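J.: Residue strings, one per chain:
Protein chains: 2
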Amino acid sequence: MAKDFSTRAENYAQWYNDLVIKADLAENSAVRGCMVIKPYGYAIWERIQAVLDRKFKDTGHSNAYFPLFIPKSFFSKEASHVEGFAKECAVVTHYRLKSSPDGKGVVVDEDAKLEEELIVRPTSETIIWDTYRNWIKSYRDLPILINQWANVVRWEMRTRLFLRTAEFLWQEGHTAHATMEEAVKEAETMLNVYADFAETWMAIPVIRGVKSPAERFAGAIETYAIEALMQDGKALQAGTSHFLGQNFAKAFDVKYLNKENQLDYVWATSWGVSTRLMGALIMAHSDDHGLVIPPKLAPIQVVIVPVFKNAEQLTLISETALSIKSSLEKRGISVKYDDRDTHKPGWKFSEYEFKGVPIRVIIGPRDIEQGTVEVARRDTLEKEVLQITDIDIKIEHLLDQIQKNLYDRALAFREENTFRVDNWEEFKKVLDETGGFLSAHWDGTAETEIKIKEETKATIRVIPLNNPRETGKCVYSGKPSDQRVIFARAY
Amino acid sequence: MAKDFSTRAENYAQWYNDLVIKADLAENSAVRGCMVIKPYGYAIWERIQAVLDRKFKDTGHSNAYFPLFIPKSFFSKEASHVEGFAKECAVVTHYRLKSSPDGKGVVVDEDAKLEEELIVRPTSETIIWDTYRNWIKSYRDLPILINQWANVVRWEMRTRLFLRTAEFLWQEGHTAHATMEEAVKEAETMLNVYADFAETWMAIPVIRGVKSPAERFAGAIETYAIEALMQDGKALQAGTSHFLGQNFAKAFDVKYLNKENQLDYVWATSWGVSTRLMGALIMAHSDDHGLVIPPKLAPIQVVIVPVFKNAEQLTLISETALSIKSSLEKRGISVKYDDRDTHKPGWKFSEYEFKGVPIRVIIGPRDIEQGTVEVARRDTLEKEVLQITDIDIKIEHLLDQIQKNLYDRALAFREENTFRVDNWEEFKKVLDETGGFLSAHWDGTAETEIKIKEETKATIRVIPLNNPRETGKCVYSGKPSDQRVIFARAY
Chain A
-3 MAKDFSTRAE NYAQWYNDLV IKADLAENSA VRGCMVIKPY GYAIWERIQA
47 VLDRKFKDTG HSNAYFPLFI PKSFFSKEAS HVEGFAKECA VVTHYRLKSS
97 PDGKGVVVDE DAKLEEELIV RPTSETIIWD TYRNWIKSYR DLPILINQWA
147 NVVRWEMRTR LFLRTAEFLW QEGHTAHATM EEAVKEAETM LNVYADFAET
197 WMAIPVIRGV KSPAERFAGA IETYAIEALM QDGKALQAGT SHFLGQNFAK
247 AFDVKYLNKE NQLDYVWATS WGVSTRLMGA LIMAHSDDHG LVIPPKLAPI
297 QVVIVPVFKN AEQLTLISET ALSIKSSLEK RGISVKYDDR DTHKPGWKFS
347 EYEFKGVPIR VIIGPRDIEQ GTVEVARRDT LEKEVLQITD IDIKIEHLLD
397 QIQKNLYDRA LAFREENTFR VDNWEEFKKV LDETGGFLSA HWDGTAETEI
447 KIKEETKATI RVIPLNNPRE TGKCVYSGKP SDQRVIFARA Y
Chain B
-3 MAKDFSTRAE NYAQWYNDLV IKADLAENSA VRGCMVIKPY GYAIWERIQA
47 VLDRKFKDTG HSNAYFPLFI PKSFFSKEAS HVEGFAKECA VVTHYRLKSS
97 PDGKGVVVDE DAKLEEELIV RPTSETIIWD TYRNWIKSYR DLPILINQWA
147 NVVRWEMRTR LFLRTAEFLW QEGHTAHATM EEAVKEAETM LNVYADFAET
197 WMAIPVIRGV KSPAERFAGA IETYAIEALM QDGKALQAGT SHFLGQNFAK
247 AFDVKYLNKE NQLDYVWATS WGVSTRLMGA LIMAHSDDHG LVIPPKLAPI
297 QVVIVPVFKN AEQLTLISET ALSIKSSLEK RGISVKYDDR DTHKPGWKFS
347 EYEFKGVPIR VIIGPRDIEQ GTVEVARRDT LEKEVLQITD IDIKIEHLLD
397 QIQKNLYDRA LAFREENTFR VDNWEEFKKV LDETGGFLSA HWDGTAETEI
447 KIKEETKATI RVIPLNNPRE TGKCVYSGKP SDQRVIFARA Y
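Heads up: the sequence lines are chains A and B, in that order.
Take the first sequence: its position 109, counted from the start at 1, is 105 in my numbering, and no numbers get skipped.
Take the second sequence: its position 266, counted from the start at 1, is 262 in my numbering, and no numbers get skipped.
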């Protein structure tokens, strides 16, 4: 299982792809750019969904569902949105097939051509704001705080499992507010929900900030984002939250009667994370032995493997193993007891190591005699022999330690790989030699941003929130600047 | 809110539509045939999902996700499947839009035409079996027990909210087995999961059975189904489970090495329920006062409404109300305390009655003095004044009673509306005058089935499982028959 895959140093991209495929997380499908998410990968996604869904509800949101298809004309209504989204997308033009003349298959029925083409949603602002128009009459109808779990399609030419696929799964929140202040606050609240999720659950430290105008969502006034650093020194945007101003309300004519009995346009936000988070999760923690999954999101948190020579030994071991399993499950810990006799213990050890199960418990005949078990942790690969007494408490504690260690390790990595850079040669050198986050002065112009991107492929990932003011000179143009921003090459 | 909607007697179809729209469950969208599921409707669907998902996992299944799109050629591979599914469907032909020459919108980019058209999945057997081919090598890889929660599209010409929409949400299980016996058992197990869910959670009694050959799923050897009776005497198919034999394995060349080291085709099942269940739930229990939702699926199980004249009274009442709310929530009961001063109590009473909240608790100043509350149940509209002592236990018990009463009422209705019919004139008369389930002899031929359908619009809903053998004559042809089957007009 675990054999025959690339190390990070050899080929990081291949290492990532090998992990995804060989750990049974996902694979490419017969449809170009669309992936199959396999049960083990989907189980992680279900945990991500469950935690986020609870956080959305705790912050007052409800789920709903809007159509998969959007009439083509809707995309022309918001001027900047059409530039950003209407281009690379799946277009439905017909609604019927018929038997082919040769009787050997089916062909598109040209008589069943749609009057107006339908676009498979790349994001749902347009169809949702078209719907909100009928829901909102007065300030009493506001705020509307809705989230949707859905699939979306963006016809990407170069795809990578989880990181960039034509179809992906995501959630998209779409809220409507009576005032600008409330909408801005909502966008910031959801950024913090994402950041807390990334740090507490995914064990990935993130920088909270806003995007430069060039990197904003098409149609947004302000795009908030959390940015994470992967082990190869590239950045990954792990969630965005947009303050949309009144742009979509104006495009779809959504007005409300305010408390002063005057008509005004509604204020909007949208925010989303996607199955891309799976890519971040895999890349942030895993190593050359395989996946490393933070305990809080691991489908299997503890695996118990018996080591036995005969049925009699297995019976004895199973008694202890099942008792441990039961005591762990009472603490809400998910446990797999793998007593299959079709695979050897060694095979199982590397299998679960490869699949990133946080803790492996091994029980052999001598353990039974001595009242011990061997406990191995996936993050450090350390093993220790523990007394069975209070093993449930010890393991619960160890899971917390692993979660914390993964976060600390990722944070230390980020700190080691964040560089204050003050001249252009150094900027290029750091990017090429180590990568990472480059904290550098920028003159605030789109021209400079574009030139930096053209010359180095690095982009402004984020202008950190509460960024300290600091007088300096733009790393590229030398023009005056009053703050540093974070540059990186990115996924 | 509740005013101005049709009664069942006046216009059943209109009553249903009014309920769905005015109780904020769903509405039609800007896209023909596609619905918007609103937060209150979606909250019920989420409960349905949560319960079913738990049942699927308890029976050994895992979730996964397969592509939204299916290459057109896949539909030609299973001969009967193409007839049943490849016809009315959404066809993606292009993958890009471009700015229109007049600069005023977007048009389809004719240069971005797909080599092979993609079909938006109407059901996923084809893409899944194409994928399973690579997953299955030997009997050790079996069984595969996978479920998917997804959206699907069937281009229906006449749509009705929840009951028949172009896009709908569903789950589809797709399993692969080494033996026929195991696959048949799986199909039956899932039929029983659906039946138990319908009866225990939705409070809808169902008849378990198999479909006649003409009503089978396209590609199935046997289609198992549960059939429910609505209040207008029409049947509604509430779930299907298909034994697919080796049809899809043969179509997609999925073979495995059995224990005897010989190659054989894999055996398959598929099974699904959809947002159509929402239609069944609404129609089975609701009345001329609005929705009636079984407690086990109600997003709000108990609403507490304070009746007060001033802030001082509200403060006193709120103290008691919040204490009751908290004690109910400890029992896992979902409670809403509606202390808004923007709406009068009478408005709130009819609002929650219309929305089908199972129990309404009213607390006024005199209740506080006397240590009582008024409790109204939605199913019977009965009210009683109860002492606050142990109110949590009393309400929990009442929720159980309501759940049971809804089931009993629906069962009594079905029994009153199931008729043993032995001649053709009576068959037509019963159908026209009362509707309901008609238990009648059938000669077993497709010709008779088609003629009955043509003359009466009634179809064979189901041949009940464990059907008693009984010698008789076909109600239509007079030919010999050895069992009765269930006819009805259906949704």
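If you're looking for bench data, these hints aren't it; they were derived computationally from the structure.
Honestly, I wouldn't trust all of these hints.
As the list claims (entries may be wrong) - With a cut-off of at most 20 Å between alpha-carbon atoms, the simulated DMTMM-like pairs for lysine to aspartate or glutamate come out as follows:
no., chain 1, residue 1, chain 2, residue 2
1, A, Lys18, B, Glu443
2, B, Lys53, A, Asp54
3, A, Lys83, B, Glu113
4, A, Lys83, B, Glu111
5, A, Lys109, B, Glu211
6, B, Lys332, A, Glu451
7, B, Lys94, A, Glu42
8, A, Lys53, B, Glu42
9, B, Lys109, A, Glu177
10, B, Lys449, B, Glu195
11, B, Lys53, A, Asp334
Owing to the predicted nature of the structure, the values given are computational and were not obtained by experimental measurement.
J.: Hint by hint, say whether it matches the structure.
T.: For each hint, the structure was consulted:
| no. | hint | result |
| --- | --- | --- |
| 1 | A:Lys18 x B:Glu443 | violated (53 Å) |
| 2 | B:Lys53 x A:Asp54 | violated (26 Å) |
| 3 | A:Lys83 x B:Glu113 | holds (18 Å) |
| 4 | A:Lys83 x B:Glu111 | holds (19 Å) |
| 5 | A:Lys109 x B:Glu211 | violated (29 Å) |
| 6 | B:Lys332 x A:Glu451 | violated (58 Å) |
| 7 | B:Lys94 x A:Glu42 | violated (37 Å) |
| 8 | A:Lys53 x B:Glu42 | holds (13 Å) |
| 9 | B:Lys109 x A:Glu177 | violated (45 Å) |
| 10 | B:Lys449 x B:Glu195 | violated (29 Å) |
| 11 | B:Lys53 x A:Asp334 | holds (18 Å) |
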